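Residue strings, one per chain:
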Amino acid sequence: GAVVSQHPSWVICKSGTSVKIECRSLDFQATTMFWYRQFPKQSLMLMATSNEGSKATYEQGVEKDKFLINHASLTLSTLTVTSAHPEDSSFYICSASSQGGGRYNEQFFGPGTRLTVL
Amino acid sequence: GDSVTQMEGPVTLSEEAFLTINCTYTATGYPSLFWYVQYPGEGLQLLLKATKADDKGSNKGFEATYRKETTSFHLEKGSVQVSDSAVYFCALTGGGNKLTFGTGTQLKVEL
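Protein chains in written order, with this note's numbering: chain Z, 1 to 118; chain F, 1 to 111.
A portion of the hints provided could be inaccurate.
Where chain F lies over chain Z, by a calculated footprint (3+ residues, C-beta under 8 Å) [to be verified]: (1) 32-43; (2) 107-116.
Dumping the calculated DSS-like pairs for lysine-lysine here, alpha-carbon to alpha-carbon at most 27 Å [to be verified]: (3) K98(F) with K66(Z); (4) K64(Z) with K98(F); (5) K41(Z) with K77(F); (6) K55(Z) with K20(Z); (7) K108(F) with K41(Z); (8) K52(F) with K14(Z); (9) K77(F) with K64(Z); (10) K20(Z) with K66(Z); (11) K55(Z) with K98(F); (12) K41(Z) with K64(Z); (13) K60(F) with K20(Z).
Non-contacting residues of chain Z with respect to chain F, defined by C-beta distances greater than 12 Å in every case (computed) [unchecked claim]: (14) V11; (15) C13; (16) D27; (17) Q29; (18) S54; (19) E63; (20) K64; (21) L68; (22) T75; (23) T80.
Treat the hints as calculated values from the structure; they're not laboratory data. As the structure is a prediction and not an experimental result, all values here were calculated from the model. Where is the CB? At the ideal position from N, CA and C, for every residue including glycine.
Working from the sequences, and respecting the hints, build out all of it.
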C-alpha cells in the first residue's frame, strides 16, 4: 500500500514556541491531506482538510491561526502549531489520499507525531 | 451528526480464540463503513470496508457485515493470533470525505 511519513515522530517544546510537523506521501501524489488530533483513549478528531495549492478547510472549533496548514506540493503538507501551550499537547496524525478520500478513495495514514508542550 | 460507538477495551484473548469487536453507528443517508488497524508504532491501516447494506468486508481472516437494520458493523475473526495484537478503529464516511472514528479498541492476544 501507499506510504505516508511524518516528521518528527515526537517533539517536546517550551510554551510559547512554534512547532512544525511534516507529512509526506512517499510513493504517490496526494491531492488531499487530512490532519487529525487524538487524545488518549479517544477517537481521532479531524482538524482540517487541505487540497494541494489551496487553503485548508478547518473543522468547527479549530483555530486556523493557531494550527497553520500548508499543502504546497502533491507530496508534502505541514502543520504548524503556533505559540504552543500545554493544552496543545496531543498526538497529531496526518493522512493522504490521491483522489480526495471519502466513500471509495482510501486515506493512507502517517504514524503520528507526539507533541508535548512544557 | 455522524457518530461511531465501539466497545471499550482492552480486550485480552488467548491465541486461536474467537474475536468480536462491536461497532454501531449513527449517520444520515448511506455511509460507507471501515475498520482500521493500528499496530504499535505504525500508522492506521485500512483493514476492510463495506460501502452498502449487506456488504461483507473481509481481509486477513477478519470479517464485518454492514447491517443497516441494526446500524452495526461488528468485526469478527475466527481464530486470533498474537500478531493481531493492535488497536482497531471503526469508522464511517457520509456523503463527503470526512472520516468519523470510534474511540478504538485495544486487542491483546496472548499465547
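Tested hints:
1. 32-43: Contact hint for the region 32-43 of chain Z vs chain F: holds, 5 residues under 8 Å.
2. 107-116: As far as the region 107-116 of chain Z goes, the hint holds, because 6 residues have Cβ atoms under 8 Å from chain F.
3. K98(F) with K66(Z): With a Cα-Cα distance of about 21 Å, the restraint between K98(F) and K66(Z) holds, given a limit of 27 Å.
4. K64(Z) with K98(F): Holds: K64(Z) and K98(F) sit about 18 Å apart, inside 27 Å.
5. K41(Z) with K77(F): holds, 23 Å
6. K55(Z) with K20(Z): holds, 17 Å
7. K108(F) with K41(Z): holds, 16 Å
8. K52(F) with K14(Z): violated, 48 Å
9. K77(F) with K64(Z): Since the Cα atoms of K77(F) and K64(Z) sit roughly 42 Å apart, the hinted pair is violated (cutoff 27 Å).
10. K20(Z) with K66(Z): holds, 12 Å
11. K55(Z) with K98(F): holds, 17 Å
12. K41(Z) with K64(Z): Cα-Cα ~25 Å, so holds.
13. K60(F) with K20(Z): Cα-Cα ~37 Å, so violated.
14. V11: holds, 16 Å
15. C13: holds, 22 Å
16. D27: The assertion about D27(Z) holds, with a minimum of 14 Å to chain F.
17. Q29: holds, 16 Å
18. S54: Check passes; 14 Å lies beyond 12 Å.
19. E63: holds, 19 Å
20. K64: Check passes; 17 Å lies beyond 12 Å.
21. L68: At roughly 21 Å from the nearest Cβ of chain F, L68(Z) sits farther out than 12 Å, so the non-interface label holds.
22. T75: Given that every Cβ of chain F is farther than 12 Å from that of T75(Z), nearest at about 16 Å, it holds.
23. T80: About 21 Å separates T80(Z) from the closest Cβ of chain F, which puts it past 12 Å; holds.
In this structure, the earlier hints numbered 8, 9 and 13 are contradicted, and the remaining ones agree with it.
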